[in-house]
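These protein sequence lines are chains A and B, in that order.
To convert, note that position 138 of the first sequence is 137 in numbering that gives the first Met the number 0; the numbers rise steadily by one, no gaps.
To convert, note that position 457 of the second sequence is 456 in numbering that gives the first Met the number 0; the numbers rise steadily by one, no gaps.
Keep in mind the hints are simulated off the structure, nothing from the lab.
Since we're looking at a predicted model, the values are computed, not measured.
Treat the hints with caution; some may be incorrect.
Using 25 angstroms as the maximum straight-line C-alpha spacing, the simulated SDA-like pairs for lysine to any residue come out as follows [stated by the list, open to error]:
{"#": "1", "chain 1": "B", "residue 1": "K524", "chain 2": "A", "residue 2": "Y73"}
{"#": "2", "chain 1": "B", "residue 1": "K474", "chain 2": "A", "residue 2": "Y139"}
{"#": "3", "chain 1": "A", "residue 1": "K122", "chain 2": "B", "residue 2": "K494"}
{"#": "4", "chain 1": "B", "residue 1": "K242", "chain 2": "B", "residue 2": "Q366"}
{"#": "5", "chain 1": "B", "residue 1": "K474", "chain 2": "A", "residue 2": "L155"}
{"#": "6", "chain 1": "B", "residue 1": "K182", "chain 2": "B", "residue 2": "N131"}
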Amino acid sequence: MSKKQVYIYKGFERFWHWMQSTLIFFLAFTGFEIHGTYTFFGFRDAVRYHNVATYMFIGLIVFAIFWHLTTGEYKQYIPTLKNIKAQLNYYIFGIFRNAPHPTKKTVLSKLNPLQKLTYFGLKILVIPLSVTSGLLYMFYRYPSKHGVEAINIQTLQFIAIFHTIAAILLVTFLITHLYLLTTGETVTSNLKAMLTGFEELDDEDPGQEKIDEHVLSTQNLD
Amino acid sequence: MKKIVVILAIFGLLVVLAVGNLSQKDSEPTTIDILKEKYSKKEPPEVDHSKFEILQHKFNSPQEVTKACEYCHNMTAHQVMQSDHWNWEREEYVQGRGVIYLGKSNAINNFCIGTRGNEKSCAKCHIGYGINDEGIVYTDSTNIDCLVCHDNSETYVKAPEKGGLPLSTLDFNKIAESVGKPKRSNCGVCHFFGGGGNNVKHGDLDMAMFEPTMDVDIHMASDGMNLQCVDCHTTDQHNISGKVYSLSSMNHDRNTCEQCHTDTPHEDDILNEHTLKVACQSCHIPTYAKANSTKMYWDWSTAGKLKNGEPYEEDDSLGNHTYLSIKGSFVWERNVVPDYVWFNGTASHYLEGDIIQDTTKPLILNQLHGSYSDDESKIIPVKIHIAKQPFDPINRILIQPKLYADKKGEGAFWKDFNWQTASAEGMKDVGLPFSGKISFMKTEMYWPINHMVASKENTLQCNSCHTRENSRLAKLTDFYMPGRDYSSLVDTGGKWLIILLIIGILLHATIRFLSYRKIKKEVSK
Chain A
0 MSKKQVYIYK GFERFWHWMQ STLIFFLAFT GFEIHGTYTF FGFRDAVRYH NVATYMFIGL
60 IVFAIFWHLT TGEYKQYIPT LKNIKAQLNY YIFGIFRNAP HPTKKTVLSK LNPLQKLTYF
120 GLKILVIPLS VTSGLLYMFY RYPSKHGVEA INIQTLQFIA IFHTIAAILL VTFLITHLYL
180 LTTGETVTSN LKAMLTGFEE LDDEDPGQEK IDEHVLSTQN LD
Chain B
0 MKKIVVILAI FGLLVVLAVG NLSQKDSEPT TIDILKEKYS KKEPPEVDHS KFEILQHKFN
60 SPQEVTKACE YCHNMTAHQV MQSDHWNWER EEYVQGRGVI YLGKSNAINN FCIGTRGNEK
120 SCAKCHIGYG INDEGIVYTD STNIDCLVCH DNSETYVKAP EKGGLPLSTL DFNKIAESVG
180 KPKRSNCGVC HFFGGGGNNV KHGDLDMAMF EPTMDVDIHM ASDGMNLQCV DCHTTDQHNI
240 SGKVYSLSSM NHDRNTCEQC HTDTPHEDDI LNEHTLKVAC QSCHIPTYAK ANSTKMYWDW
300 STAGKLKNGE PYEEDDSLGN HTYLSIKGSF VWERNVVPDY VWFNGTASHY LEGDIIQDTT
360 KPLILNQLHG SYSDDESKII PVKIHIAKQP FDPINRILIQ PKLYADKKGE GAFWKDFNWQ
420 TASAEGMKDV GLPFSGKISF MKTEMYWPIN HMVASKENTL QCNSCHTREN SRLAKLTDFY
480 MPGRDYSSLV DTGGKWLIIL LIIGILLHAT IRFLSYRKIK KEVSK
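Could you put the whole structure together from the sequences, leaning on the hints where they help?
Now the structure itself:
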């Protein structure tokens, strides 16, 4: 099988990825300062920066959702149980024996089954938990005399604790993600791909080399 | 063509934005600007009292001056005699008690305990010439002391222990001709010295406020806006707005910062949101008793010690009394960081004769009500004054001792130094039972701190409260505060999750590296 440079991550996708990773890192950094874990910017500036980053993050999410829906790329994230065991086996045993990756990376299926599951969980659970609790954190109202009783929030405690849990999960993801990016064909090939968009992949079907949106459909995904 | 239209459109938009922005700044001065302008204009007086013939007659007594005042101000006596300053009590609704008359005349405080039986001495701060021994104020309007509030010559002085009369040596004509709007000196002569000395009671009101610097009080600074007490404590028919919760119970007639500065005085929305739950004073008065010490603790139980049969005093290095035979031992503090409590504007009080439920715990003489969940409550700064005062352990009531008398032998503690006779006489004066037994118990009073406002630059910062260590609000635990609070379960769990994850990654990476080297060697073989 021949190898070929394939354009796997499109411009917006790369922009979205790096923007999102920067924002998540920055939000976590300022967020844990607000949480009282350490002092760096000072509480007031940490809150300000965190709030600005929040709006940027929400804006980015809106664009990302639009892009995923209109391009059909969201289908990449539909989780599957197929090959999960093989993928786990690879990380626990195969990787030490220089075994090949159990699943093939292609333009139409660029995520391995574990990635699908993890990213799906992030998109469906962790990020919504973080954003919802974060918005409530920003906009929760003290009991106010003339307001609508039903939307008064009596205590910030649960909002804050859920926001912290989401943040811890995101940090856990970030660390794992940073490590696993070194497990590509070479240590840096995944990073390079996310920077340039191009990655050297097995040239299975030359017909699909050119990306054609009409071909993007569930049948072609595993 | 298209390009030109787009460029023109963008340019037009910029112009509109710029004009809108700039003109907004021109037409809308900030609240502070408006206030500064308003209070920098000093109104000239409308009349010159020195020109009135009636005030040029030789006055031999202060009552004659009052009579002369009433000649023109002929409806004023009625107002004054309805006022709290005259009656020393006012109608108040207190939770669990209903409507009562509450004031200096019947409350117990943490300092000289109470006025009953001691009127002759206490009346030095009454706006009249004498209250009788039963505490009933005279009904003769010529006993109104107009001068103590309206003297602008700064020479009027009340005599000690004369039931409110001034020194007889004063030049009443000079004083009468000087009268005008009360100044800081008029109010301060009583309110700065409450409790028997400078800054004993309030902590935020002391003689440094006669001519304060900007460091002491940003509003009243004589080198700044130079506000007078009555600029905020406005008066309607001789009733002065604002009150202190040592003697008040209801949430009305309060003076607030908002009356000038509005509910949303900050440019920053996050700060403005704080005003729903945090009183301005909490951040803007970082410390009180800035210039002179205030009394924090008063222990009556050590009073009465004599040296060679004579009372004596001991002072600290700043000149504050630490011991007085007549009063006991004291602890003073300067630049005090306030305590913080929730407060909704209502309070309840211990009144003479109330049964003490639990004599082993400190008795709070004026309980300020409020909590996080209460819509009306805000966090306010307070001075908590602690005392040890005499109580009757059999009847379980605080003792109002007789402290003052003209001479020895009348049972007054300040002359005879005998708790037994002073308590028996004092309780007889207020008409309460006395078992003959005397014990001492801790009592607390809460004094809201409202003055000695710091400059904007010296205001508290976010992390004065939003911090895990030494938060100023560490004692207010009935709510979750970012930066201070956290779930220890989540934080500990999260910490270990991340530590284990990193260890796992390091292990994985090491094995990967070693096996990679091994495979490489095998291949090269």
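> Hint by hint, which ones does the structure fall short of?
Replying inline: Per hint list: 1 and 6 violated.
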